[in-house]
Amino acid sequence: MQVGLTALAVAILALLAYFFIRLIGQSEKAFSQFGLSFIFGNDWDVARNIYHGAALLVGTLITSAIALLIGVPIAIATALYLTELCPRRARAPLGILVDLLAAVPSVVYGLWGVFVLIPKLLPAEKWFASTFSFIPWIGGGTPVGPNYFIAGLILAIMILPIVSAISREVIATVPPENKEAALALGATRWEMIRMAVLPYARPGITGGAMLGLGRALGETIAVVLVIGNAPVIGHHLFSQGYSLAAVIANEFGEAANTPIHSSALFAAGLVLFVLTLIVNIIARWFVARGNRKHGGTGTAAATEAPAAAAPAAAAGEAA
Amino acid sequence: MRGLLLVGTLIALIPLLLVIYYLLHKGLGALSGSFFSSDPNGNFFGDPGGTRSAIFGTLEIVGLATLISVPIGIGVALYLTEYGRDSRFGNAIRYFVDVMTGVPSIVFGLFIYISLVLGHVGGSGFAGWKGSIALALLMLPIVTRSAEVVLLLVPDSLREAALALGAPRWRVVMRVVLPTATPGLVTGSLLAVARGMGETAPLLFTTAGAFALTGSLNAQMNALPLQIYNDILSPRSVVIQRAWGAALTLVALVLILNLIARLVSRRSRMA
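Same order as they appear, the protein sequences are chains A and B.
Everything in the first sequence is counted per our numbering, starting at 7 for the first residue and increasing by one.
Everything in the second sequence is counted per our numbering, starting at -17 for the first residue and increasing by one.
Check before you lean on any hint, since a few could be wrong.
[To be verified] Covered stretches of chain A, as calculated for chain B (at least 3 residues, CB under 8 Å):
no.: 1; segment: 99 to 107
no.: 2; segment: 116 to 129
no.: 3; segment: 145 to 154
no.: 4; segment: 213 to 223
no.: 5; segment: 226 to 237
no.: 6; segment: 240 to 249
no.: 7; segment: 272 to 280
Note that these hints are calculated values from the structure, not bench results.
Remember, predicted model here, so these are calculated numbers, not experimental data.
Glycine included, every Cβ here is placed at the ideal spot set by N, Cα and C.
Please model the entire structure based on the sequences and the hints provided.
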């Protein structure tokens, strides 16, 4: 049995390596033709068969950054409220509701984004852009329906439960002695959170936010529906754009008969894969460091997304 | 400050309430007898048809994905807890499984497209079973990570007692460890199934979608997320209404799975 299970584990590693090599093989054509300008050049033109994908990478980074800016503070607030302040009886139901955000499939968020969020938010975006027209990049310009902001907002909603659940997990490991010591010294509830809870939980929360980032970078269907799919670098927050994942999903069908086009899409997939891999490795490092610093709480504590730590605690999601 | 944190929590819940409200508001009207009993037909005029093939397609594809990912996922978890708990190789496997959870689902779709669809493996290009494998890759790390945690909760004293009675290792696993951990394993697997059920991107490149109902996993297949995605892009309001109905159906399925998972885990004493 030991031999069999070891072979199984090895087989999975080998399979992943095989997939990775095949993906590199398929992207080779695009990389050999466009070289580094596939990543840094800004000219994605299907009609002329030129694939310089800077606009895609920029779109991926902008939307993910918006998602972090909106999602992480709310996720941390939720985690702090649920672990430190919330009445005990409301704790479990509220936690379940936040976790359920992760159970909604991305295509449903896309549907909701297209037919509810985009039309309802457009007036507010127009007001915002004209009122704050003096702020570069945010103001000016005329907002269009699908844009970076909408995509970032939906991504924020999608990463919120992950970041919140990991933060909750980490905050729960703060030793009560630390908190009691702060309170005994006369700290208010808030000062106790700031002085005892947050410093202790910071590496874990950082890791959680980075896992959320990894999720946002790779999200496809919700983004392709609301980002506008224009292969240009948008000049402000409310302009249309494109993302690495979106371009693959959107142009996949038409690319099937043009080898260089499909190779460019595989290359976009490779860039995306490597990007998320790096973000995830850094995130794991942060979470693991947070754990080790505090003497380690075993595999069950915070080395992994909460669904793994407490299958019952997190719904439909394992980051 | 307390107020601020409360406001943050309430803001976090707004999207969930809004999504559920709109799903019920726009989706309930689409549900009718023919919604569940007829297939989408792709006609540009008249009745667009229902979602029967999508619902059955989702059940078939996810069913096969579950059959693949759950045994393998639990097998890897067993290796990690029973044999490789502190070994260097075990830690490496654990690390790669962690990394797998962060791979975007669309990349799994590309993997399968390149290695199975392009080469027409099995005689056809796009096929339901290829979608199942893509979903299985996505579900595998979820199953493994949750199973590992549950298996670690099985007290070592139970293992030692069985070993002391002279049971071989494999028998300890089959007769003591697995039965003790069953409720937790079921919970983790159900959550993985719920996750796989809602994925669109991996299916886009592997099963590709279809209109008609098919029982053959070696043919192109429809699935709920695929149909929702395609319907959103349609200019017809009837079709968009069908998308809301299908979305309501999909969310209901996912939430029911979540609910069952919770009930199972509540019944277990251990977790």
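Taking a Cβ-to-Cβ distance below 8 Å as contact, does the segment 116 to 129 of chain A have at least three residues touching chain B? holds (count 6)
Holds or violated: the segment 99 to 107 of chain A covered by chain B, criterion of 3 or more residues with Cβ-Cβ distance under 8 Å? holds (count 6)
Coverage assertion for the segment 240 to 249 of chain A with respect to chain B, Cβ distance below 8 Å, three residues required: violated (count 0)
With a Cβ-Cβ cutoff of 8 Å, does the segment 272 to 280 of chain A contain at least three residues near chain B? Three-residue rule met by the segment 272 to 280 of chain A, so holds; n is 4.
Counting residues of the segment 213 to 223 of chain A with a beta carbon closer than 8 Å to any beta carbon of chain B, are there 3 or more? Our answer is that it holds, as 4 residues pass the Cβ test (under 8 Å) against chain B, meeting three.
For the segment 226 to 237 of chain A, do three or more residues have a beta carbon lying closer than 8 Å to a beta carbon of chain B? This one holds; 3 residues, not fewer than the three required, reach chain B with a Cβ under 8 Å.
Count the residues of the segment 145 to 154 of chain A with a beta-carbon closer than 8 Å to any beta-carbon of chain B: does the count reach three? violated (count 0)
Checked against the numbered hints given earlier, the structure breaks hints 3, 6 and satisfies all the rest.
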